[in-house]
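Construct the entire structure; sequences and hints are all you get.
Each chain is listed here by its residues.
There are 2 protein chains.
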Amino acid sequence: MKIKFASRMKTVPRSFIREILKVTTNPEIISFAGGLPNLKMIPIKELENACDSVLEQDGTRAMQYSTSEGYYRLRKWIADRYMKKHSLLVTPDDILITSGSQQALDLVSKVLLDKGTQVTIEKPGYLGAIQAMSVFEPRLSAVPVTETGIDIQALEKNFKTKKPKLFYAVPNFQNPSGITYDMETRKATAALCKKYNVIFVEDDPYGELRFSGTDLPIINKFLNKTGILFGSFSKIVAPGLRLGWVCAPKTIMKNLITVKQAADLHTNFFSQRIVYEYLTKNNLDTHIEKLKAVYGKHAKAMLACIEKYFPSEVKFTRPQGGMFIWVTLPAKIKAMALLKPALKEKVAFVPGDPFYVHTKNVNTLRLNYSNAEPDMIEEGIKRLGNAVKKLISK
Amino acid sequence: MKIKFASRMKTVPRSFIREILKVTTNPEIISFAGGLPNLKMIPIKELENACDSVLEQDGTRAMQYSTSEGYYRLRKWIADRYMKKHSLLVTPDDILITSGSQQALDLVSKVLLDKGTQVTIEKPGYLGAIQAMSVFEPRLSAVPVTETGIDIQALEKNFKTKKPKLFYAVPNFQNPSGITYDMETRKATAALCKKYNVIFVEDDPYGELRFSGTDLPIINKFLNKTGILFGSFSKIVAPGLRLGWVCAPKTIMKNLITVKQAADLHTNFFSQRIVYEYLTKNNLDTHIEKLKAVYGKHAKAMLACIEKYFPSEVKFTRPQGGMFIWVTLPAKIKAMALLKPALKEKVAFVPGDPFYVHTKNVNTLRLNYSNAEPDMIEEGIKRLGNAVKKLISK
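These protein sequences, in sequence, are chains A and B. The first sequence lines up with residues 18 to 411 when you count with the numbering used here. The second sequence lines up with residues 18 to 411 when you count with the numbering used here.
Warning: the hint list may mix true and false statements.
The list treats identical chains as interchangeable, and a pair is accepted whether it falls inside one copy or across any two copies.
Below, computed lysine to aspartate or glutamate pairings styled on EDC-like, alpha-carbon distance capped at 20 Å [unchecked claim]:
| hint | residue 1 | residue 2 |
| --- | --- | --- |
| 1 | Lys19 | Asp131 |
| 2 | Lys309 | Glu63 |
| 3 | Lys132 | Glu154 |
| 4 | Lys27 | Glu154 |
| 5 | Lys102 | Asp302 |
| 6 | Lys307 | Glu63 |
| 7 | Lys407 | Glu324 |
| 8 | Lys62 | Glu73 |
| 9 | Lys307 | Glu390 |
| 10 | Lys27 | Asp131 |
| 11 | Lys271 | Glu36 |
| 12 | Lys57 | Glu73 |
| 13 | Lys21 | Glu154 |
| 14 | Lys57 | Asp75 |
| 15 | Lys267 | Glu36 |
| 16 | Lys39 | Asp110 |
| 17 | Lys140 | Glu154 |
Don't read these hints as lab results, they were simulated from the structure.
Pasting the structure below:
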C-alpha cells in the first residue's frame, strides 16, 4: 500500500541529536553531544523516599486517571515559586502541567500556528522548538543572538518586515549557544514585543542553573501577563519523569487545555505526585546549589581545555549557567565535516546545522559539559582539538 | 492583546467528559460518566514492588532521558504478546510507546491528516478520537454501528463515495456503545479496507477484557501488516502511568517517531520501567481474569437494574466485555435534557452528543459500570430511571 503522508512530514526535521545519541551509546566514545543532566546529580534517594511516601498516602489513587490541567498542588507550588523568585503574580490556574516542556511547544504551536503563520526564533535556535513548530508548517525566520542576547536592532527589523505572531526565545544560557540576555536586552525585547503585538514565548529550562554572574528577571516580568512562559523539572530534578509546564494568559490557557486533552488526556499523575512530594519534603534550593557548583566546575574545566587544546582561531562562548558551550570554527571548517573524524577519535558533539532554519554547512557546533566528568572533559576536548587541528592543516 | 488563534481551534471540541468529571467530584453524586477503571482493581502492591525493584536495579538511570521509541524490553513484551494472543508477527521495531493511546491518536493524525483529509469513524464514535483528529481539520464522516459491529453495507458506500484515507474503529466493546464486531464483520471490514485502499486504524484498549462470549481475532490479523493498531496499559494495569502504544508498518513508524520526538521527546521512562518490571514479575493473565470477573459482575448488575428501573421503551446494548453500556431513550427524550434532572437526582452519565460529528440533540447516552460498586449501581440506576420516567411523563 502506497501511503501519502500529511504535507507537514516534508518539513518536520528528524531530530539530529536523537540520531547522534544512538551512535554515542558506544561506551568508548566521550560524548559532548547530548543535553543530559549529570546522572550523579539526580536526587535518587530523595525521589525514592517521595515514591514510597506517595504510594503509602495515595495507594491506587496515585495510579488513576487525573485532570488535564495537572495536579493542583504542584501547579500551586510552581505559581508560588514564580512569586518567590521573580515577584511574578501567577495563580495555579495559569499553569498547565505538560510532558516535559517539549510538549508545551507542541501545545502552544497547535493553539497559535496555522500553515504559513510567521514565527521568529533565535539564530542559532533550540532545535526541539524548530522541530515542534515545523509540524504546523509556519514560516520561521531567525534573528541572530550576540554575546548580550538577541540582536535588538535585527529583532525590530524582523518584527517590522515579517510581522510575526510570536517570538520564541531561550533567554537564559540558551540551548545551543549558552548565551544569556543582559538586562538591557531583556527590557528591549519586552518593549519590542509590546510595540509590535508579538506574543513572547519564553522557554526557561536552565534559568535556575546560574553558576556565575547575578540572576536577572525573566522577560515576562516586563510583559504584564501577555506572554507565555515554559518551565521544566528535567534539569533541576529529573528528566525521565517528563514534567514541564506552561504558564499562559487565561484566553490562551483555555485553548491549551483543550489541545492537552486531545494530545494525551493528562500528564503522568504518579510522577506529578512524586515530584510534588519531593519538593515539599526537601529543599530544592539546596539541591540546585549543588547542581550549580558541579556544572560550574565542569564548564570551567571545559573552557580551560578548549583554551589549551583548540587552535587559537577557534572562538567560543563563556556560559554563566546551563549546560552548553557554542564553538565557532574557522570559516573554512564545516562542523559536519568535523563530525566523522571526531567520531573516529572517539569524541562526539552536535554540529550547528540543526539549530538553523535556512542555513546549512555552518562552522559552529555545540558542546555539552553537564554529563561528562572533568577528566573525561580533558580527554575529550584533547581528542576534539586534534581533530580540528588536522582538519585545519589539510 | 487580542489573540487570533489557529483556525483548528474553531473545530476542536473541548472534551465534554472531562467537563462532566469536574462536576462529579461531588462525592454525593453516583457517577456512571467516567471511563475509569475500578480503583480497587489496580494491582497496587505489585506495582509498589515493581517500583522498589526498578529503583534498586537502575537507580538514577530510571530517571534519565531515554529513547523516543520507548523502552526496548517493554516493546518486545508487547510484540511477544501479539504473537502469543493473536499469532500476529510483530517485532519491537513495529512498536512505539506513547503517553496513553490518546497520544497514538495525536501522532497518527499528525502523520496522515492534512486539512480536509477524508476520515471515516464509527457512529457513535470514541470522542477522544474525534477530538484528537479534529486538531488536524480532517473531514470526518461516520458510519453507524449495529449490534454486530460496523454496518458493512454503509461502510462500503462510505468508502466508495468519500474515499477516506483512513477508517478508525474500536472493534472490541466499543467506547461508547459497548458493541463488538462479530467474526464476519471483522473479515468484511478488512476486505473493504484492502479493496478501497483505506488505512485501518484499530484501537483496542478493551480487547483483553472480555467477560462473556469467545475472543475474536483482531482485524489487523486479516490485513497483512498494512493497518495501524493501538493498545494501552490503562485498562489492564493502571491509567495514571499514561502508557499506551502504537503498532504500525515501517514507513508509517518512521514518521511516527519523528512526530513523537517533536511532541514530547519520549514517554515517561520511570513508568515504562515500572510496568515492564510488573509484567515480568507477575502473571498479567491472572490479574486480567480478576478484572473480567469484577467487570462482568458489574455489567450484569447494571443490566439487571436497567431492566428493573428503566421504562420498557428504553433500549440498551449488552456488552460482552469492556466498560460501557449504551442506552437509547424514546425518540422524544433528548439525553442532554436528561442530564440536569439526573444531576439533581445525584447521578451522572455522558449524553451521546459528543460521540457524533454531525448530529446534535440525540436520544442516546453512555453508562460506565467499571467504576461503581454493585450497590451503588443499583442506587444510581434507580435514580436515573426516576429521572427518565419523570421526563417521559412530562
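Hint check results:
1. Lys19 / Asp131: between (28 Å within a copy, 17 Å between copies)
2. Lys309 / Glu63: within (18 Å within a copy, 38 Å between copies)
3. Lys132 / Glu154: both (5 Å within a copy, 12 Å between copies)
4. Lys27 / Glu154: both (10 Å within a copy, 18 Å between copies)
5. Lys102 / Asp302: within (11 Å within a copy, 50 Å between copies)
6. Lys307 / Glu63: within (14 Å within a copy, 35 Å between copies)
7. Lys407 / Glu324: Within one copy, since 17 Å is at most 20 Å while 84 Å is not.
8. Lys62 / Glu73: For lysine 62 and glutamate 73, both the intra-copy (17 Å) and inter-copy (10 Å) Cα distances are at most 20 Å.
9. Lys307 / Glu390: within (15 Å within a copy, 50 Å between copies)
10. Lys27 / Asp131: Both, since 16 Å and 12 Å are each at most 20 Å.
11. Lys271 / Glu36: The answer is between: 12 Å across copies meets 20 Å, while 35 Å in one copy does not.
12. Lys57 / Glu73: The answer is between: 15 Å across copies meets 20 Å, while 27 Å in one copy does not.
13. Lys21 / Glu154: Result: close both inside a copy and across copies, 17 Å intra and 17 Å inter.
14. Lys57 / Asp75: between (29 Å within a copy, 12 Å between copies)
15. Lys267 / Glu36: between (38 Å within a copy, 17 Å between copies)
16. Lys39 / Asp110: between (39 Å within a copy, 15 Å between copies)
17. Lys140 / Glu154: Classified as within: same-chain Cα gap 19 Å, cross-chain 32 Å, threshold 20 Å.
Of the numbered hints given earlier, the model fails none.
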